[in-house]
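Spelled out from the first residue to the last, the chains are:
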Amino acid sequence: MRKYLAHRAVFALVTLLGVSLTVFVILRILPGDPLVAILGVEGHARMTPADRVRIMADLGFSDPLPVQYARWLVDIGAGRLGRSFFRGDTVADLIARRGPITAEIALLALFVSWLVGLPVGILSAFKPNSVPDGAARAISVLFIAIPGFWLGMLIVLALLFWFGYKAPIIIVQVWENPWQNLQIVLGPAVVLGLAQGAYIARMSRSCLLEVISEDFVRTARAKGLKEWLVVMRHALPNALLPVITISGVLLGFVLGGSVAVEQAFGVPGLGRAMVTAVIERDIIVVQNLVLLYAVIFVGVNVLVDLSYAWLDPRIRYS
Amino acid sequence: MSDRTNDTNRPASIDRRTFLRRAGAAGAGAVIASRIHRPGAAAAQDATFRPDPAAKRGGTLRYAVHNAPAHFDVHQSGTVANIGPQSPMYDTLLRRSPKDGQTIIPDLAWKWEIAPDNKKYTFHLRKGVKFHDGADFTAEDVKATYDRIRNPPKGVVIPRTPLFATVGDIVVVDPHKIEFRMTEPRPRAYMLGAFASGWNIIVRKKTLDEHQGNLRQVMNYPGTGPFRHVSRKDKEVWIMERNPDYWNKGLPLVDKLEIYHFFPFTPELGAAILAGRVDYARLLDPVSWRKVKETQGMTAGVFNQSVIQAFWTNMEKNKALADPKVRRAIHLAMDRHTLVEVVKDTAPMQVGGFVYPFHEMSTPRADLEKKLGYQKDVKPAVQEARRLMKEAGYANGLKNLDFCVRDIPTFKLWAVAIQAMLKEHLNIECNLRVVQTSVWFDEAQAGNFDLAISAIVSTLMDPSDIFSAWYGKNGPQNYSRWTNAPFHDLASQIERETDDAKRKTMVRKAEDMLENDPPLIPVAYEQIYDGWYNKVKGQNPSTFFGIYDVVRWDNVWLG
Numbered sequence: 001m002r003k004y005l006a007h008r009a010v011f012a013l014v015t016l017l018g019v020s021l022t023v024f025v026i027l028r029i030l031p032g033d034p035l036v037a038i039l040g041v042e043g044h045a046r047m048t049p050a051d052r053v054r055i056m057a058d059l060g061f062s063d064p065l066p067v068q069y070a071r072w073l074v075d076i077g078a079g080r081l082g083r084s085f086f087r088g089d090t091v092a093d094l095i096a097r098r099g100p101i102t103a104e105i106a107l108l109a110l111f112v113s114w115l116v117g118l119p120v121g122i123l124s125a126f127k128p129n130s131v132p133d134g135a136a137r138a139i140s141v142l143f144i145a146i147p148g149f150w151l152g153m154l155i156v157l158a159l160l161f162w163f164g165y166k167a168p169i170i171i172v173q174v175w176e177n178p179w180q181n182l183q184i185v186l187g188p189a190v191v192l193g194l195a196q197g198a199y200i201a202r203m204s205r206s207c208l209l210e211v212i213s214e215d216f217v218r219t220a221r222a223k224g225l226k227e228w229l230v231v232m233r234h235a236l237p238n239a240l241l242p243v244i245t246i247s248g249v250l251l252g253f254v255l256g257g258s259v260a261v262e263q264a265f266g267v268p269g270l271g272r273a274m275v276t277a278v279i280e281r282d283i284i285v286v287q288n289l290v291l292l293y294a295v296i297f298v299g300v301n302v303l304v305d306l307s308y309a310w311l312d313p314r315i316r317y318s
Numbered sequence: 001m002s003d004r005t006n007d008t009n010r011p012a013s014i015d016r017r018t019f020l021r022r023a024g025a026a027g028a029g030a031v032i033a034s035r036i037h038r039p040g041a042a043a044a045q046d047a048t049f050r051p052d053p054a055a056k057r058g059g060t061l062r063y064a065v066h067n068a069p070a071h072f073d074v075h076q077s078g079t080v081a082n083i084g085p086q087s088p089m090y091d092t093l094l095r096r097s098p099k100d101g102q103t104i105i106p107d108l109a110w111k112w113e114i115a116p117d118n119k120k121y122t123f124h125l126r127k128g129v130k131f132h133d134g135a136d137f138t139a140e141d142v143k144a145t146y147d148r149i150r151n152p153p154k155g156v157v158i159p160r161t162p163l164f165a166t167v168g169d170i171v172v173v174d175p176h177k178i179e180f181r182m183t184e185p186r187p188r189a190y191m192l193g194a195f196a197s198g199w200n201i202i203v204r205k206k207t208l209d210e211h212q213g214n215l216r217q218v219m220n221y222p223g224t225g226p227f228r229h230v231s232r233k234d235k236e237v238w239i240m241e242r243n244p245d246y247w248n249k250g251l252p253l254v255d256k257l258e259i260y261h262f263f264p265f266t267p268e269l270g271a272a273i274l275a276g277r278v279d280y281a282r283l284l285d286p287v288s289w290r291k292v293k294e295t296q297g298m299t300a301g302v303f304n305q306s307v308i309q310a311f312w313t314n315m316e317k318n319k320a321l322a323d324p325k326v327r328r329a330i331h332l333a334m335d336r337h338t339l340v341e342v343v344k345d346t347a348p349m350q351v352g353g354f355v356y357p358f359h360e361m362s363t364p365r366a367d368l369e370k371k372l373g374y375q376k377d378v379k380p381a382v383q384e385a386r387r388l389m390k391e392a393g394y395a396n397g398l399k400n401l402d403f404c405v406r407d408i409p410t411f412k413l414w415a416v417a418i419q420a421m422l423k424e425h426l427n428i429e430c431n432l433r434v435v436q437t438s439v440w441f442d443e444a445q446a447g448n449f450d451l452a453i454s455a456i457v458s459t460l461m462d463p464s465d466i467f468s469a470w471y472g473k474n475g476p477q478n479y480s481r482w483t484n485a486p487f488h489d490l491a492s493q494i495e496r497e498t499d500d501a502k503r504k505t506m507v508r509k510a511e512d513m514l515e516n517d518p519p520l521i522p523v524a525y526e527q528i529y530d531g532w533y534n535k536v537k538g539q540n541p542s543t544f545f546g547i548y549d550v551v552r553w554d555n556v557w558l559g
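From first to last, the protein sequence lines are chains A and B.
Letter by letter, the first sequence follows residues 1 to 318 in my numbering.
Letter by letter, the second sequence follows residues 1 to 559 in my numbering.
Isolated chain A (complex conformation) (with noise of 0.2 Å):
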């Protein structure tokens, strides 16, 4: 088991280490100039060459690129995750505020889609091919087509224009009052939520399909146990390790889609602080969370894989 760890955990600083030098080549190889957006149009149209240099080196960006790299890993493993060169707030900060939102979005978003998607997925598997089947087959496609953003955007319009409602417009965390704090995160939640259900709806029944074709699950209902009984007890656990994995990578999935759902809903979490940093160019604040996403995925991964022996007790890991 310390060996598997072992190897995991070098795996994933190996994976890690080419994320951030992936995201660090690139945020320098892009087109634009971080310094219109500091400056304004009327500053930078008036700033002089000199100017611009004396700039880039406070914001510390005329060291050498491997200088710049070398630096960044070392403030990231000593806990500094910088400065955003905007402002002046630390990425630390930002994190603290706006992470604690998009975290109960994922989360709520994952418990969204085993609600929706695992009754969907044991109907249709427990009567394949019927009326109700067909429509949940449909319904899934659908929300795996239909784009978060677009649904979200629709969703806001619907609440604002029918209901005259809005969500409150700045954060309000889970402990300073619950009821406002989930009237900020249930939408961008359900939106989530139902697209990733729709793909536990279809791994759920593919699985239980294939679990209910068992000899063990032919034995439970020729000792005359209930139906219901064969199914939560002897058919489901079986199939849900296959759920599970998709699960760990659906997370990866709602991480990725809170950037535009958040953007949608007009949510301040982390997804939003991304899609506004790329605009402004905050190189700081893009690498720091990019790398922050990219451990949650790592690490939600290894999590994974560990939790399947306590699952599956014929699984061992050596």
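Misleading hints may appear alongside valid ones.
[Claimed, not checked] Derived lysine to any residue pairs resembling SDA-like cross-links, with alpha carbons at most 25 Å apart:
| no. | chain 1 | residue 1 | chain 2 | residue 2 |
| --- | --- | --- | --- | --- |
| 1 | B | K473 | B | M361 |
| 2 | B | K293 | A | L154 |
| 3 | B | K473 | B | D512 |
| 4 | B | K233 | A | P34 |
| 5 | B | K154 | A | A50 |
| 6 | B | K233 | A | E104 |
| 7 | B | K291 | B | T338 |
| 8 | B | K205 | B | T161 |
[Claimed, not checked] Some, not all, of what chain A presents toward chain B, calculated at C-beta under 10 Å:
| no. | residue |
| --- | --- |
| 9 | P34 |
| 10 | G43 |
| 11 | P168 |
Hints in this document: simulated from the structure, not taken from any laboratory.
All residues carry an ideal CB built from backbone N, CA and C; glycine is no exception.
Based on these hints, arrange chain B on the given structure of chain A.
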């Protein structure tokens, strides 16, 4: 003749009663006089803004505007993201009246004098004014502020620096009197406008010294303004409270100001005002603005903005575009009324020429619309444009022009329309290249384009400012690399001319020169859409010019 008249002719003789009455009146007068504020406070004799006697005090104003500045240094900024949230915390030497947005009235200077030769401006400063940190405001702070604006330290870029290019020396006469000595005169309206500009907030000398003259990353530096900083959450809300020690007694009228962050022209901003999450919204998109207009209990306001939307023709890169006839032809081929219509659901615009169409010195709108290039019927203009192209040797048009388009909805819509107009009217073919804003400015400054569309701002609503910044030989926003010696000479004379009537004639002449040799192709002039609930009183921006001068919210109250 009345008895009274006769009385006045009588020799002065005072009886006991008269003496007592007059003595009593004199005593009462002395008491009243002692209660009148000296120039240190908002004195009755100075014409600064006084609150409406009917105004109610108290409450919280929730205002929505872009409030996520790239940095916090108002002097170095050129965007509403700074002036929107930060202005309420600061004062200026002079200001534009919040009643009409035009009249220049006293602010921290309660009185001023201008030398007859226009080469010296003397400001008398208020006494007893305090910065938010408790420090006294003195002429040293004004000197430090203006020394920095006219001569920024290294690494500091201030767009308003050219406005004070002729200020040779700033002399502190005493702690409450300061002189600006000019190397050469400038029109009074120009200089007073510069002193009243909302950008030129007075900052404490000590603050500037402590930060080596760069306040980009200093979030809360003390001002003397009507509101004090309380808290700020990045890209969410900036909260301010009433300054209880404000020199202009009775102001501000609201106790608290909550400034929420919304990007301009977005549906989110429209949704926030329509859903009642905020009381006042600035820079609404046209669709939301129309909804506000239709909604009972709400008011929709519109006013002019200091922004020209235009496209530039690169004269250094493209030989054909260096020919004034070709540029004039392109200018005439634009159907401007249609271009305004094209973006009517995206941003509010109006037709205009080379100088602000609403400026008193520019050609009046009615006359402008009689000129070729501005008429609703474009046929005569197109006919003339084709003739000019033929005369220039480009009767068959031009091919493969690189059209660099800034990635903003209005420019993308316009670029397609302009592309079609150029093709249809002049057989000019161009390839659209949409780029991010920061890339656009890189490309424009490097000259990597044939045509490039964007918008530019002026710091002052004065023709001399735009003649220098937009059309000047080395003007920072002269992206076409345009030169025209007679125009530059005339612009220089206009800058020096202190007689308004003569200046106006010269500006009209300059307009004609620009029409025939366009340094850029004007597309439209921006307008601003505001929306608010009727409970917000004291604010009517309809005669304001731009969103940079009257933004202090001290006069606004909640009904």
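Here is what the structure says about each hint:
no. : hint               : verdict
1   : B:K473 with B:M361 : 22 Å, holds
2   : B:K293 with A:L154 : 23 Å, holds
3   : B:K473 with B:D512 : 18 Å, holds
4   : B:K233 with A:P34  : 22 Å, holds
5   : B:K154 with A:A50  : 8 Å, holds
6   : B:K233 with A:E104 : 20 Å, holds
7   : B:K291 with B:T338 : 23 Å, holds
8   : B:K205 with B:T161 : 18 Å, holds
9   : P34                : 7 Å, holds
10  : G43                : 5 Å, holds
11  : P168               : 8 Å, holds
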